[in-house]
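Trainee: Chains as they are written, first to last, in numbering that gives the first Met the number 0: chain A, 0 to 410; chain B, 0 to 402.
Keep in mind that the hints were calculated from the coordinates and are not lab data. Virtual Cβ for every residue (Gly too), placed ideally from N, Cα, C. Misleading hints may appear alongside valid ones.
[Said to hold, decoys possible] Taking lysine-lysine pairs in the PhoX-like style, the calculated list, with each CA pair at most 25 angstroms apart, reads:
# : chain 1 : residue 1 : chain 2 : residue 2
1 : B       : K51       : A       : K221
2 : B       : K361      : A       : K102
3 : A       : K116      : A       : K87
4 : B       : K88       : B       : K375
[Stated by the list, open to error] Estimated spans, in silico, between C-beta atoms of each pair:
# : chain 1 : residue 1 : chain 2 : residue 2 : range
5 : A       : N233      : B       : A329      : 45 to 51 angstroms
6 : A       : A351      : B       : D121      : 15 to 21 angstroms
7 : B       : K334      : A       : R156      : 29 to 35 angstroms
8 : B       : A329      : A       : P108      : 31 to 37 angstroms
[What the hints assert, rightly or not] Quick look at which bits of chain A chain B covers, simulated, 3 or more residues with Cβ under 8 angstroms:
#  : segment
9  : 102-113
10 : 188-201
11 : 204-213
12 : 341-350
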Amino acid sequence: MLSGLRVLDLADEKGFLCGRMLGDLGADVIKVEKPGGDPSRHIGPFYHDIPDPEKSLYWFVFNSNKRGITLNIETAGGQEIFKRLVEKADFVIESFPPGYMKKLGLDYPALSQINRKIVVTSITPFGQTGPYRDYKSSDIVSMAMGGLMYLTGEPDRAPLRINVPQSYLHAGGDAAVGSMIAYYHRQQSGEGQHVDVSMQESLIWTTASAVPFFELHGTIIKRTGALRAGHYENAMERQLWPCKDGFVIFNIVGGVFGAKINRALTEWIDSEGLADDFIKGTDWQKFDMATVTQDTIERVEKPIGRFFLNHTKAEIYEGAMGRGIGVCPVSTIEDLLQNPQLMAREFWVEVAHPELGENITYPGASAITPVAPFKIRRRAPLIGEHNQEVYGGDLGLTETELNNLKQSKVI
Amino acid sequence: MSGVFDGLKVADFSWAIAGPLVTRYLADFGATVIRVESSQRPCLLRLSAPYKERVAGINRGGYFAFFNANKYSLGLNLGNAKGIEVAKKLVAWADVVVENFSPGRMEAWGLGYEDLKRIKPDIIMLRSSNQGQFGPHASYSSTGVPLIGLSGFPPFIGWPDRTPLPVPVAYTDIVSPRFATAALIAAIDYRRRTGEGQCIDVSQFETGVHFLGPAVLDYVVNGREGSQTGNASPHGAPHGAYRCKGDDRWCAIAVFTDAEWDGFCKAIGNPPWTTAPIFSTLHNRKENEDKLNQLVEEWSMNFTAEEVMTRMQSAGVAAGIVQSSADLVADPHLKHRGYFLKLNHEEIGPISSLGQAFKLSKTPAEARMPAPSLGKHTDYVRTEILDISDEEFVELLQAGAFD
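I would like the entire structure built from these sequences, with the hints used as guidance.
Mentor: See below:
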C-alpha cells in the first residue's frame, strides 16, 4: 500500500521496527549506516554464534524488507549526499541522541527546507526535550523507567525484564503509527512534520491498570510471580500453571462471564475423578472475584492444578478450547513453528540468505491486508549492499565519483 | 488547530483492550470514534477494578477511563433486530469499522464484512482477534491473557533456578494495536487514492510472535530455545536491577563498554574491588557475575534509586529507577512531557488519561473529552449523526433497540 514511498532509515536498534513496518507495508526503505556498518550489527544472537556484523540475527529479523547504503553524515560530503536523498524521500527515521542531527544541519527544520513533504521521525529513550532527554538508556533501563519491569517477576527477588529486548519494539511500533499519522496529514496538507517518539512513554501502555489503581486507591501494584496482580485487592488468581510437559496460562474469571467456563472446567476435571467437593460445590454464578478470599481461590485452584499436572500442553489446549475454556500452552519456539494455526495462515515465510547458503524461517505478516498481500521481498542488507544501486542508479553518481567518496570515507 | 483525522468516521464495535487502543490512536488525533456499547455485555474494562471509592459500576471504572478518552458512546442492543438496524445506519455513516470479537460474532449479528460491504462497498473493516479470522484455531476463545503463553513469552522471563513467568498484563493486546493501526492508516490512505476498501485481519497471537523475532531465528538457526536468565545480558555486566535504600526500591544499571565500566567505577567511588582482575573485562565480569552483582548491590543499598540513577547518568552509565505506578505519576520528566492528562470524568471526577508516546510537531494529539459513560452520546448520535427523527426514536426505543 505504501509502494512509491521512500524511507531513509538511520535508526539503530531503538528504531529498526519502524522502518521494517513501513517496508512491510510496501515502502522502499533504505537503511543508512556509517561506513563499516552500524554498531547495532554487534547485537546477538548470531548465526551459528559467530559474532560477525553480517551475521546478527537481530539485524536480520528487523531489517528485512530494507535495502542498505553506507554514508558518513558527519562529513560535509555525506551531508550533501544525504540532503540530495532527502529531496526524493518521504520519511526519515533516526534514533540519534537529541541535538545530534541539529548539530549536523540535518534536523527537521533544515530538512523541511529541502523537502517540504518530509516526515522526520526521531526515536529516543526519553524524547527530544525534558530533564531526562540526555539520559543514556538500554532495554533494561527503558523497561525500568517505563513501568513494566516493576510489575514483572517474583515478589522475593528483583523485578525482571523480558530477555528478548521489548522496549525497542514498542518504540519502533509507536514510531510507525506516529509516522503514518504524520504521513496522513501530509497527504491532506502537502506538508510533513517532526515526530518525536519517547521509548519510555511507549512502554507505559503495558502497565495497563497500574496507574488508575494508584490514582483511585493509592494502591501500588507489584510483581506477583505466576499469580495475576492488580485486578482484585482481596485475592490473586494463578496465571501460569505447570502441566505434564511444560506450562499453560489460565486464570479464573468470575461472575456471569466466567460462570459458564468455570462450570465446564469443573465438569471436565470431575469426569476424570479429580474434582473435590469444594470445587464441585462452588456456585460459579455467585463467584465474585472482587470479594472472594485468597483462601477460597487457592482451594478451587488446587484440583485445577492437579488436573493440569496430569495432562500435556496439547491435551489441555485442545480439550479446553473445545469446551470453551480459555487455556493456552506456553509455546516453545518449536511449538510455534509447528503450530497448526500459524501454518494454516502461512505465517512462516522462508527468506533466502545466499551468502549463508540457506533459507531461514522468519515470522511473516503482522496483518493480513488483502489489497497488498504481505511479502518479505528481501533479506536484511549487507553493509553497503545497495551503494551502487542507490548512488549510481538513483543519484546518477559516476563510477569515479563513487570511488572518490569511498576513498574519502564518505560512503 | 484541527486534528489529522478530523472528519474520519469510526464505528467502533471493539471492546476490552486490543481494539480500543487502535481507536484511541485515531480519536486522540481527531477522528470521531463512536463506541457501540451495551449494558447487557459491557466492555470488560467497565467491569474491572479499580472503581471509584471501591464501589463497582459500569461508569466508575478507572481502567476504562484511562484507556478511552476522546470517544463517544452509543448504547445499542445488538441482540435486538432493531438494534442491528441502527448499527447498520452507523455503518452507513462510517468510513472505518473496528471490532475485536471472536471470529463469527459480527457475522451472527449480520455485521460481517460481506454484510458491511452491502451497506458501503468501500468500507474498511479492521478485525483484530486472538488468532485471526480463519484457520483451525480461529474459534479458540479466551481473553488476551492466555495469548502471553501461546506467543511464547514466559520462557524468556524468570530466574535460572525457577519456573518461567508470565508477562503481568494482557501483553499481546498492547502489542497488536501498533501493527493494526499502521496497517489501518495505510488502508485509509490507499482507499483515498484508489477508492478500494478492504478487510484487515490482525491476529494478536501473530503480533506477539513478532516481538520474539530474534528468538525465533536463534532457534531456527542455532537450535536454541528460550531460557530464564534473570536480568543478565550477554552484552553487559553489571546488568540488572539492584536493590536500593527504602522498601522495594530498585535501580536498573547497564554497563556495556570499557568506558562505561570506568564511569561506573568512578560513580561508586573507585572501591578497591573494582580493580580486581576478575572484573577487568566484560568477559571476566560475565564469568564472575554473581559476585559482581552482590558487590554492586552492597553499594546501591546505601542510596535511593534516584541517587543511583543520577550518579550513574552523570558518569555516562545507563541507569534508571525501576518505576512503580506512583513513580510514573510523579515522574518529573513525564510531567514535562505532559504525558498523563487529567480529564474530568462524569462519575469518577479528575483522573489521568493515558497519553501517546509520540508528539507530532504540527498536528499534536488533543484531549477533548474524558471517557464516556455508557450510552452517554446515544441522543447526540441519533440526532446529529444518524438523523433519526423523534418519532422513529421512540419506536426504536420501545422496540428495545437502544440501551
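Trainee: For every hint, state whether the structure bears it out.
Mentor: The hints, checked one at a time:
1. For a cut-off of 25 angstroms, the pair hint linking K51(B) to K221(A) stands: about 20 angstroms separates their Cα positions.
2. This hinted pair checks out: K361(B) and K102(A) have alpha carbons roughly 22 angstroms apart, not beyond 25 angstroms.
3. For the proposed pair K116(A) and K87(A), the alpha carbon gap of about 10 angstroms is at most 25 angstroms, so the pair holds.
4. A C-alpha spacing of about 18 angstroms is found between K88(B) and K375(B), which places the hinted pair at or below 25 angstroms, so the restraint holds.
5. Under the hint 45 to 51 angstroms, the C-beta atoms of N233(A) and A329(B), about 27 angstroms apart, miss the expected range.
6. With their beta carbons about 37 angstroms apart, A351(A) and D121(B) fall outside the hinted range of 15 to 21 angstroms.
7. Taking 29 to 35 angstroms as the suggested C-beta distance range, the pair K334(B) and R156(A) conforms, at roughly 31 angstroms.
8. Here the CB-CB span from A329(B) to P108(A) is close to 34 angstroms, well matched to the stated 31 to 37 angstroms.
9. Proximity of the segment 102-113 of chain A to chain B, defined as three or more residues with a beta carbon under 8 angstroms from a beta carbon of that chain, is not established by the 1 residues found.
10. Judged by the Cβ-Cβ criterion of 8 angstroms, the segment 188-201 of chain A is covered by chain B as claimed, because 11 of its residues qualify and three suffice.
11. A count of 10 residues in the segment 204-213 of chain A with a Cβ less than 8 angstroms from any Cβ of chain B is obtained; the coverage claim is therefore met, three being the minimum.
12. Only when three residues or more bring their CB closer than 8 angstroms to a CB of chain B does the claim for the segment 341-350 of chain A stand; here the count is 4, and the claim holds.
In summary, the structure is inconsistent with hints 5, 6 and 9 from the numbered list given earlier, while agreeing with the others.
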